[in-house]
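Here's the letter readout for the chains.
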Amino acid sequence: MAEVTKYNEEVLIEEQGFDDQFHEHHHGDKYQSSFIFKYIFSMDHKIIARQFLITGIFWALIGAAMSIIFRLQLGFPDESIAWLKPFLGRWVQINAETGIGTLDSQFYYALVTMHGTIIVFFVLTAGLSGTFSNLLIPLQLGARDMASPFLNMLSYWFFFLAGIVMFYSLFLSTGPFSGGWTAYPPLSALPQASSGSGAGMTLWLVSLTLFVVSVLLGGMNYITTVLNLRTRGMSLWRMPLTIWAFFVTAIIALLSFPVLASGFFLLIADRGLGTSFYLSDIFVAGQALEYVGGSPILFQHLFWFLGHPEVYIIILPAMGIVSEVLSVQARKPIFGYKAMVYSILAIAFLSFIVWAHHMFMAGVNPFISNFFVIFTLIIAVPSAVKVFNWITTLWGGNIRLNSPMLFAIGFVSLFISGGLTGIFLGNSAIDIQLHDTYFVVAHFHIVMGVAAMFGMFAGIYHWFPKMFGTFMNETLGKIHFWLTLIGAYAIFWPMHYIGMAGVPRRYYRFDGFDAFGQFTVMNEFITIAAIIVFAAQVLFVVNFFWSINNGKKMKTKNPWGATTLEWTTPIEAGHGNWPGKIPTVHRWAYDYGKDGKDFISQIIPLSEEEKAEEQHH
Amino acid sequence: MIGFLIVAITILIGIILVQIGKVTDLAGRIRGEEESERRSNNAQAIWLLVFMVVFLVFCVVSAIYYKNEMLGYGPHISASEHGGRIDNLFNVTLFFTGIVFIVTHIALFWFSYKYKAREGGVGKFFAHSNMLEGIWTIVPAIVMVILVTQGLVVWNDVMPDVDPDEEYIEVEATGYQFAWDIRYPGPDGKLGTRHFQLINLANNPLGQDWTDEKNIDDFHATEIVLPVNKKVRVRITAKDVLHNFYLPHFRVKMDAIPGLPTYFIFTPTTTTEEYRERLSEYPEWQVPADPDDAGGPQRWELFDYELACAELCGKGHWSMKRIVKIVSEEEYNEWMLSQPSYYKTNIRGTADDPLGRLLDYEIEERADELTTDFESALILDDPSEASIILKNLFFDSGSAELEEDSQYELNSLLEILTDYNDVSVEISGHTDNTGDANANQLLSEARADAVLQYLTGQGLDASRIQAVGFGQNRPADTNDTPEGRQNNRRIEMRIISQNF
Numbered sequence: 344m345a346e347v348t349k350y351n352e353e354v355l356i357e358e359q360g361f362d363d364q365f366h367e368h369h370h371g372d373k374y375q376s377s378f379i380f381k382y383i384f385s386m387d388h389k390i391i392a393r394q395f396l397i398t399g400i401f402w403a404l405i406g407a408a409m410s411i412i413f414r415l416q417l418g419f420p421d422e423s424i425a426w427l428k429p430f431l432g433r434w435v436q437i438n439a440e441t442g443i444g445t446l447d448s449q450f451y452y453a454l455v456t457m458h459g460t461i462i463v464f465f466v467l468t469a470g471l472s473g474t475f476s477n478l479l480i481p482l483q484l485g486a487r488d489m490a491s492p493f494l495n496m497l498s499y500w501f502f503f504l505a506g507i508v509m510f511y512s513l514f515l516s517t518g519p520f521s522g523g524w525t526a527y528p529p530l531s532a533l534p535q536a537s538s539g540s541g542a543g544m545t546l547w548l549v550s551l552t553l554f555v556v557s558v559l560l561g562g563m564n565y566i567t568t569v570l571n572l573r574t575r576g577m578s579l580w581r582m583p584l585t586i587w588a589f590f591v592t593a594i595i596a597l598l599s600f601p602v603l604a605s606g607f608f609l610l611i612a613d614r615g616l617g618t619s620f621y622l623s624d625i626f627v628a629g630q631a632l633e634y635v636g637g638s639p640i641l642f643q644h645l646f647w648f649l650g651h652p653e654v655y656i657i658i659l660p661a662m663g664i665v666s667e668v669l670s671v672q673a674r675k676p677i678f679g680y681k682a683m684v685y686s687i688l689a690i691a692f693l694s695f696i697v698w699a700h701h702m703f704m705a706g707v708n709p710f711i712s713n714f715f716v717i718f719t720l721i722i723a724v725p726s727a728v729k730v731f732n733w734i735t736t737l738w739g740g741n742i743r744l745n746s747p748m749l750f751a752i753g754f755v756s757l758f759i760s761g762g763l764t765g766i767f768l769g770n771s772a773i774d775i776q777l778h779d780t781y782f783v784v785a786h787f788h789i790v791m792g793v794a795a796m797f798g799m800f801a802g803i804y805h806w807f808p809k810m811f812g813t814f815m816n817e818t819l820g821k822i823h824f825w826l827t828l829i830g831a832y833a834i835f836w837p838m839h840y841i842g843m844a845g846v847p848r849r850y851y852r853f854d855g856f857d858a859f860g861q862f863t864v865m866n867e868f869i870t871i872a873a874i875i876v877f878a879a880q881v882l883f884v885v886n887f888f889w890s891i892n893n894g895k896k897m898k899t900k901n902p903w904g905a906t907t908l909e910w911t912t913p914i915e916a917g918h919g920n921w922p923g924k925i926p927t928v929h930r931w932a933y934d935y936g937k938d939g940k941d942f943i944s945q946i947i948p949l950s951e952e953e954k955a956e957e958q959h960h
Numbered sequence: 304m305i306g307f308l309i310v311a312i313t314i315l316i317g318i319i320l321v322q323i324g325k326v327t328d329l330a331g332r333i334r335g336e337e338e339s340e341r342r343s344n345n346a347q348a349i350w351l352l353v354f355m356v357v358f359l360v361f362c363v364v365s366a367i368y369y370k371n372e373m374l375g376y377g378p379h380i381s382a383s384e385h386g387g388r389i390d391n392l393f394n395v396t397l398f399f400t401g402i403v404f405i406v407t408h409i410a411l412f413w414f415s416y417k418y419k420a421r422e423g424g425v426g427k428f429f430a431h432s433n434m435l436e437g438i439w440t441i442v443p444a445i446v447m448v449i450l451v452t453q454g455l456v457v458w459n460d461v462m463p464d465v466d467p468d469e470e471y472i473e474v475e476a477t478g479y480q481f482a483w484d485i486r487y488p489g490p491d492g493k494l495g496t497r498h499f500q501l502i503n504l505a506n507n508p509l510g511q512d513w514t515d516e517k518n519i520d521d522f523h524a525t526e527i528v529l530p531v532n533k534k535v536r537v538r539i540t541a542k543d544v545l546h547n548f549y550l551p552h553f554r555v556k557m558d559a560i561p562g563l564p565t566y567f568i569f570t571p572t573t574t575t576e577e578y579r580e581r582l583s584e585y586p587e588w589q590v591p592a593d594p595d596d597a598g599g600p601q602r603w604e605l606f607d608y609e610l611a612c613a614e615l616c617g618k619g620h621w622s623m624k625r626i627v628k629i630v631s632e633e634e635y636n637e638w639m640l641s642q643p644s645y646y647k648t649n650i651r652g653t654a655d656d657p658l659g660r661l662l663d664y665e666i667e668e669r670a671d672e673l674t675t676d677f678e679s680a681l682i683l684d685d686p687s688e689a690s691i692i693l694k695n696l697f698f699d700s701g702s703a704e705l706e707e708d709s710q711y712e713l714n715s716l717l718e719i720l721t722d723y724n725d726v727s728v729e730i731s732g733h734t735d736n737t738g739d740a741n742a743n744q745l746l747s748e749a750r751a752d753a754v755l756q757y758l759t760g761q762g763l764d765a766s767r768i769q770a771v772g773f774g775q776n777r778p779a780d781t782n783d784t785p786e787g788r789q790n791n792r793r794i795e796m797r798i799i800s801q802n803f
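Taken in sequence, the protein lines are chains F and H.
For the first sequence, my numbering begins at 344 and goes up steadily by one.
For the second sequence, my numbering begins at 304 and goes up steadily by one.
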């Protein structure tokens, strides 16, 4: 019988770790001596992760606040919003006689557009993937930093710049872009067709082009880091699922965002240089325009060639985070690790050949839709595998129902609810009726909006101690969870019914139509739920910032009892993460409950029995 | 005010919650970390279970409650032939996904409850099972195959374009900011060509090319009226930006794209009247349409099918409504005949009319008119009392030489006189009062004679016709306006005898 070995992690890293002579050129970090270079123009991936997160929170609040304003319009179209006049200025028109303030319909569409753009790109792409890829890739792989800390810094600052430009566009006299986050031409190309398509659209395009640069710089770095900077022993098949998810996400982003950029460039040319890539046969504002021969559908192809992978760029990191959190907090190995990796790869591959399922009703040849239906519904298979594996991970666990775990469980519930409605929409025949109705709104908000936010929350609550050395308040976290879960379902579940009745999305009012006007009470209910959920998010933000300084202090390096490397760094890790050597990895990331032990860290060498077993396989 | 209240209440609740958070944290510290964690764990486990039950019950109950709004249920049955198949597909998908939804949610929350942390507990090391993973790869795959197959069968039945030999009605819908223009092909059943550069908001909103004769009988309508049980092909286009032709009751939806016409083919199966009857059976439709007018018409009585836009097209996107009426075939035919051609009412004879003086249809119509005038004169007690104006006779100003286009009217007249070969007529020329009266007298005689010469030249017996001129002496209208003078310059015909 082998002796039970007790390891001291520090000693272990010192004895077994990989010596990269880090201490010798530590002077390279002298730039950190001033506040500006330590916290603002930082090249430390941990600081950059925090920058992405806090910027993401800022944008999430703006994006969510916008949704509250347009929900007020939808829920209470005849109620005065004169009290918003100080914020919205001329976009609220006050009736001189009655004193009733109404939201300008042009601005309603600007709000809807900005809400989508901000949440999809700035919050769920930069805020989610940017934060956790940056934080976890080097830490969980045992790397000192990203492959290029400088490009990594640039990635954040391009995102920041994109944000500045977009923020500025909110204050234009013609209003921000208002043609929907998908920016379909000709509406997005012609200032005559919509005042938001003037300067607002120009800034939108500039902002998102800067954003694409940010994503590409970040993505190259993530891929390079994963491929080249894994510590000794960290084979690809020993990487935690978080890293797999971030890695594949970065690959998807690198392949799809340039296509979006090219789509944008052609749109810029149509807008500014008089080309006709997307425009033809247009008569607008009393005038026939000269554009001939272009096709608006071309833009849709280019847009959705990014746009569909984009939803996986959003959801894969959330899946990775949830896999990790579920496993750690359930004290069990993630079920079917390899199947999970293959599912990620399968989803990533399929994500590139399903884009036209957004365009079944867009005027493309119906024959081609056959292929897109088949590929789209195949995605249900790897997605189902992931869901069943998450649920099985819970089975037989020793589950801690703390805030990160609750959000991870909530994620699985939302992913099921929202994923299943995708099976309706992906089937082109059903999509004839449901396309561009509230059913679609319900579907994508649940599956990639709220679910991805839940993944992000799970990650924030779980890795908050790693980022700030303190814990977030658990009670507030749980209140936040319950209000958000119940509230999110209260908002989006009824939208399925509205959509099944055929009510189109992006309507400023519903009472003009006999067929769409019957949901007054339900729309009021949804708006009230949205306000409550928004308040819950404010609570989260309060908890977040309050806990940075006042939260319960982290006393041990590994509070969750996790196996992965980020918990072997000091509580306050400097640039370079490990003070001495880099730990060497001996096993996969999911040895929980093995041989009766609660967990076995990745840096612990295999026991004799384990070696024998490995030989046996 | 409501806004301020909401903000104030939210802030208050927020403060309370933060305080609760602090207090429980403090209580936890007093009680000991592990103990408070265990308590919280147990409480959360129960909450998860409660949530599961309430949530699943809520889903089922609310679905039943809103049943009548759903695809294919209650009054919400499709009014088109293919729509029922889509609704059916929806329900099949709902069946499978419903099972998955309920089973996975029970498993998810039950496991979370059942396996909550135990003191000193350790999770099971259960890392994978090829059999389990195989099952839940294969079962979803099979279900997907079923759904995809059914879906594609319906899709490929619904979406293909019409066969050229098929019988169908074509209608055109053109979206623009922010309304729809509806165009019907008229009696010839063919829509005329259009070009966006011909669009003119004053008198050619669709840019129809008037040199294309298919356009001549096309008419614009303010409502879409269609006969029941006839296949309809909607040609869908847009003028400015993308729109989407959406008929919710018929399960019809297709983008309208400038420069790239699309189509949707469907067959309405329920007339507006029948649909109203169906709605009248549901209590939510048996209420006054106007809540302030209890005695007024009920909701179902005012129901109409609607056309909406389903592609964001600008700030008025939400207002692009047109009424759609499904009627019996007789009603449809009657309605169609009552619709005036856009060309004939708005373009014909204006400066924008590129076509010649007389079109085939006009010649035909005129021939019919002349025959009617002639025959109604004949049945008078004294046929010679009726003066029949011969239209479409063209002379140059001051000249008595017939222009070529005059032949159509004269040939029609010749045909009538050949049919009624026992009738003799008098042709009289008239002028307005401008110029010299004698000259006018001579001109009127010469013009009447020119008509006589043409008719006899074509073989009409000279004894059956005589020509006279009245100059400016018998005006038919005022000579003070150009139109009046135009009406005074004319050739008339009178039946002078009929041998029985």
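Mixed in with the good hints, there may be bad ones.
[Said to hold, decoys possible] Heads up, simulated SDA-like pairs for lysine to any residue below, C-alpha to C-alpha not over 20 Å straight-line: (1) H:370 with F:864; (2) H:647 with H:504; (3) H:624 with F:420; (4) F:428 with F:438; (5) H:647 with H:506; (6) F:896 with H:338; (7) F:681 with H:440; (8) H:370 with H:585; (9) H:427 with F:956; (10) H:325 with F:893; (11) H:624 with F:893.
[Claimed, not checked] Short derived list, chain H residues pointing at chain F, Cβ under 10 Å: (12) 354; (13) 412; (14) 440.
[Said to hold, decoys possible] Covered, in the sense of this in silico footprint (three residues per stretch, anywhere, with C-beta under 8 Å from a C-beta of chain H), are these stretches of chain F: (15) 598-608; (16) 670-682; (17) 719-728; (18) 802-814; (19) 820-829; (20) 923-936.
Calculated from the structure, these hints are not laboratory results.
Don't be surprised by glycine CBs; every beta carbon is placed ideally from N, CA and C.
(request) Give me the numbers of the hints this structure contradicts, sorted from smallest to largest. (result) 11, 15 and 18
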